[in-house]
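There are 2 protein chains.
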Amino acid sequence: MELNEALAKLAELQRKLYAYQAASSSLYLDGTTVAPKDTAEGRGVALGILAGERHKLFSAPEVGELLDFLWARKDELEHPVRRQVEELRRSYAQLTRIPADEYMEYAMLTNEASDVWHRAKEKSDFELFRPVLEKLVAFNIKFAGYYDSTKAPYDALLNEYERGVDMKYLDGFFATLRERIVPLIHAIGEKEQIDDSFLWRPYPVEAQRKFSDYLMEVLGLDRAHCTIGETEHPYTLEFNNKDVRITTNYDEGNVSFSMFSVIHEGGHAKYELGISDDLQYTCLAGGVSMGVHESQSRFYENLIGRSLPFIQAIFPKMREFFPEQLGGVTAEQFYRAVNKAQPSLIRTEADELTYCLHVMVRYEIEKQLIGGTLAVKDVPATWNRLYKEYLGVDVPDDKRGCLQDSHWSGGSFGYFPSYALGSAYGAQMLRNMEQDIDVWGPVSKGDLSQVSNWLREKVHQYGGLMEPADVVKNACGDFDPTVFADYLEKKYSELYGL
Amino acid sequence: MELNEALAKLAELQRKLYAYQAASSSLYLDGTTVAPKDTAEGRGVALGILAGERHKLFSAPEVGELLDFLWARKDELEHPVRRQVEELRRSYAQLTRIPADEYMEYAMLTNEASDVWHRAKEKSDFELFRPVLEKLVAFNIKFAGYYDSTKAPYDALLNEYERGVDMKYLDGFFATLRERIVPLIHAIGEKEQIDDSFLWRPYPVEAQRKFSDYLMEVLGLDRAHCTIGETEHPYTLEFNNKDVRITTNYDEGNVSFSMFSVIHEGGHAKYELGISDDLQYTCLAGGVSMGVHESQSRFYENLIGRSLPFIQAIFPKMREFFPEQLGGVTAEQFYRAVNKAQPSLIRTEADELTYCLHVMVRYEIEKQLIGGTLAVKDVPATWNRLYKEYLGVDVPDDKRGCLQDSHWSGGSFGYFPSYALGSAYGAQMLRNMEQDIDVWGPVSKGDLSQVSNWLREKVHQYGGLMEPADVVKNACGDFDPTVFADYLEKKYSELYGL
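Sequences listed follow chains U and H, in order. Heads up: the first sequence begins at 761 in the working numbering, then just goes up one per residue. Heads up: the second sequence begins at 761 in the working numbering, then just goes up one per residue.
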């Protein structure tokens, strides 16, 4: 085989993988937005077959041979191509280590589990979910060995979501956070509570939709390349760097849920839209890791979106959308309301300060589940004990407890820490951004272009060209969780006059 | 190979073809409904690759061997399976007779042509479209030889859209129609024109949307399996018999365009939703031909939708949606307005009577183009001459002339006659339905269930199990175009007091 021929095959392989991904994404998007209610079965058949075809395509021996051939000549490859081969070799090795029958069995299990979880959550019935969760945990322990048998199983899983991260790293990270956050929460508990009652008024969905359009404009999201839809759970879905979709969910009785979900998903979308054209239709075309992705979404949502300058910039316009609801409210009151810190039960509704504690509960449980020191049947009791210990709240039922998240039913163990890591990466990026440019002057005028440009240049454009840790390091130096802790301490001390 | 093994492979092949079709449909649906404006390129890449993968899958030599193996043992196969093998052998032979490079070149050409046609139509500039149209015609003449070299090229193309139909058949059919329709049109021209001015008032889109929902309810379309969307050109898209989508386009200045497009597409949807479960995920799962499909859409649109009993049934409710616009209008006036016969320029806006003349113009041109007796450069002049001759109207520009339809740019030559055939099949089905059941009693009460049941039993359920001509024959005996002519003559004589 000639090198040029091999490179052409490499490009073709990646374009095919892109096409299968686009097909599955399109069916998923349809299923969660406009598809008629009782149509899941036929879509499931198509999705299953496409996943099988993709698996067959990518796990073929010729692919292994092609990648080996190219790797043997890696010194002749340009950097992006070399990186593609490196990434594809890693995925190929992982995929081919999982026996095909186990792969298919697992795909069917997660499909079923999602259904069972939905029903179990609705009925708040953990026992219904328990048998599938047991199977999912067993599969993940086994798969961890396929991923990397030299690592502890949970370390191998963590590495899948954020390469280079392990329990030792996270134990230190979370210990630092707990040490700094818990005293803050206690101190805030002694203070007068912030009034956020005006967030909980009737906000008509039609006006909220227009407000979303406005927010997307402020975020600088080009509607010719990014639309917004409505789904039960908000998400971002990328086809390529010219075609990204975000979704939200409107709560007629609260204005901030959708507002910050739009800004959050908008941050994910900015990342995908900012990835370099050169990487399109290759395996490097998406965001590099869950942690880095969350750093972008939470950057826009919290560091910018929940800042006083940003709220001041958008509040006059916001009052035009909701003149009755916000008539007597000032920008500063609104800023304080959306930053009210209060230990609570639901992760996705948690404030910026207590959020990481929700993640820590899940981290502790996953560590023990995958480590084999916690039986699935004991998850609810452990969950409830940890919520009491970390957040001081009593969990009334499993629906608002260990059944609240979809991740485990989707087979994701080791994903949750990415949320906390992303928040910490973001705080560090902000520190460096502030050293490089005037962040708050333009933001207080509603101009996010400088912020966006900095993030595009330092983070977005690279896609998967670098390792996640290197992307972070490139943007803001060595990872240091105290920067995030300092940020929280400063913000909440000011808010609550500590 | 064992027979059981071969049957399993046959089922697997068809499920894969279904999955590729579902993927492409989903991307197409997305692209025409909710996708951001500037995202066609990335979707095109995915669609092209998926088409290529589907082609590779289906044209593989093993598929030919499998089908030959099964055909050799056809006497042992159950009827539906035997029919699947027969159909797949036909498609396989056709696909493999087209050289792969020509197939790909043609796919790229139609992709480009659609774009060029859009621009040419916008500018009313035939010269812009001419070079691609020349290529499209040349390709179709060549492909006709691959389809069936024993037939005249246009016969081979016609056979693709409506198996068993050829020029001899259509010449007779259209001659009968012309002979009967043209005198009717002349007679109507001498009469006082029907007042349809109230159709052309401002009808707010939001109210039209609600009216569409109501129409779907009357049609008996289960919204859990069929939704309605909005696109530039209305269409029906089926994933399977549990998942069908229709679209419409609202014109703020006219109520009947969207009304009858919803009923028309609803007729297509009824067909797809009525196909037997046993045929799902096989090549027999869709409607059997374009002609039979149009027989269903035009049955609901014209024979039912434009009938007096139907209008009388829905009109009270319709006036609730449009109290100001239809306040002083009676059901009978509305019935007369939506049946106003008037030679015009645009096929898709034509009334039931003159519609077939629009089709005949296209048929004559296609016959000569593919037959090699008409040069592409002479299409506009021929078009304009035939419109004058058949319909008595002067074509002011190519935008409202030979550039109005998308079919040729999509590579479809031989499709148009299906519309007229469908209308004629429908009239014959109505005749037989009236012999079997009380059609108009229930319809006048807004109850279409008996009509739907008859069509499901006689037509829908069979999907592709029978040849198109046999489906028609099974439902209403030997094809006889005078039934359609009689129907038109009776309806329009009454309407205009001839």
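Do not take every clue at face value.
If several chains are the same, the list does not tell them apart, and a pair holds so long as it fits within one copy or across any two.
Stated by the list, open to error - Here are the simulated PhoX-like cross-link-like pairs (lysine-lysine), alpha carbons at most 25 Å apart as the crow flies: (1) Lys797 x Lys776; (2) Lys797 x Lys816; (3) Lys1159 x Lys1218; (4) Lys951 x Lys1100; (5) Lys1205 x Lys970; (6) Lys769 x Lys1100; (7) Lys1100 x Lys816; (8) Lys816 x Lys769; (9) Lys928 x Lys911; (10) Lys816 x Lys776; (11) Lys951 x Lys970; (12) Lys1137 x Lys902; (13) Lys1205 x Lys895; (14) Lys928 x Lys1218; (15) Lys1250 x Lys951; (16) Lys1250 x Lys1233; (17) Lys816 x Lys1148; (18) Lys1250 x Lys1159.
Everything labelled a hint here was simulated from the structure, so no lab data went into it.
(message) Reference check for the pair Lys951 and Lys1100, CA-CA at most 25 Å: within, between, both, or neither?
(response) Within. Shortest intra-copy distance 12 Å satisfies the 25 Å Cα cut-off; inter-copy 77 Å does not.
Within a copy, between copies, both or neither: where do Lys928 and Lys1218 come within 25 Å Cα-Cα?
-> neither (28 Å within a copy, 70 Å between copies)
When no copy is specified for Lys1250 and Lys1233, does a C-alpha distance of 25 Å or less occur within a copy, between copies, both, or neither?
within (24 Å within a copy, 82 Å between copies)
- Is the C-alpha distance from Lys797 to Lys816 at most 25 Å within one copy, between copies, in both cases, or in neither? neither (31 Å within a copy, 34 Å between copies)
Check your understanding: Within a copy, between copies, both or neither: where do Lys1250 and Lys1159 come within 25 Å Cα-Cα?
Key -> neither (34 Å within a copy, 66 Å between copies)
**OP:** Check Lys1100 against Lys816 for me: Cα-Cα at most 25 Å, and say if that holds within a copy, between copies, both or neither.
**Re:** Intra 51 Å, inter 58 Å, cutoff 25 Å: neither.
- Is it within, between, both, or neither for Lys1159 and Lys1218, if the alpha carbons may be no more than 25 Å apart? Result: close neither inside a copy nor across copies, 40 Å intra and 50 Å inter.
inquiry  = As a check of your reading, is Lys816 near Lys1148 (CA-CA no more than 25 Å) within one copy, between copies, both or neither?
reply    = neither (47 Å within a copy, 59 Å between copies)
- Task: Pop the pair Lys816 and Lys769 into one bin, within, between, both or neither, using alpha-carbon distances up to 25 Å.
- Result: So Lys816 and Lys769 pass the 25 Å test inside a copy (16 Å) and across (16 Å) alike.
Pop the pair Lys816 and Lys776 into one bin, within, between, both or neither, using alpha-carbon distances up to 25 Å.
both (12 Å within a copy, 13 Å between copies)
Notebook entry, point to check: Within a copy, between copies, both or neither: where do Lys769 and Lys1100 come within 25 Å Cα-Cα?
Noted result: neither (54 Å within a copy, 61 Å between copies)
| query | Checking Lys1137 and Lys902: alpha-carbon separation at most 25 Å within a copy, between copies, both or neither? | reply | The answer is within: 19 Å in one copy meets 25 Å, while 68 Å across copies does not.
Of the hints listed earlier, those the structure fails to meet are numbers 2, 3, 6, 7, 11, 13, 14, 17 and 18, in rising order.
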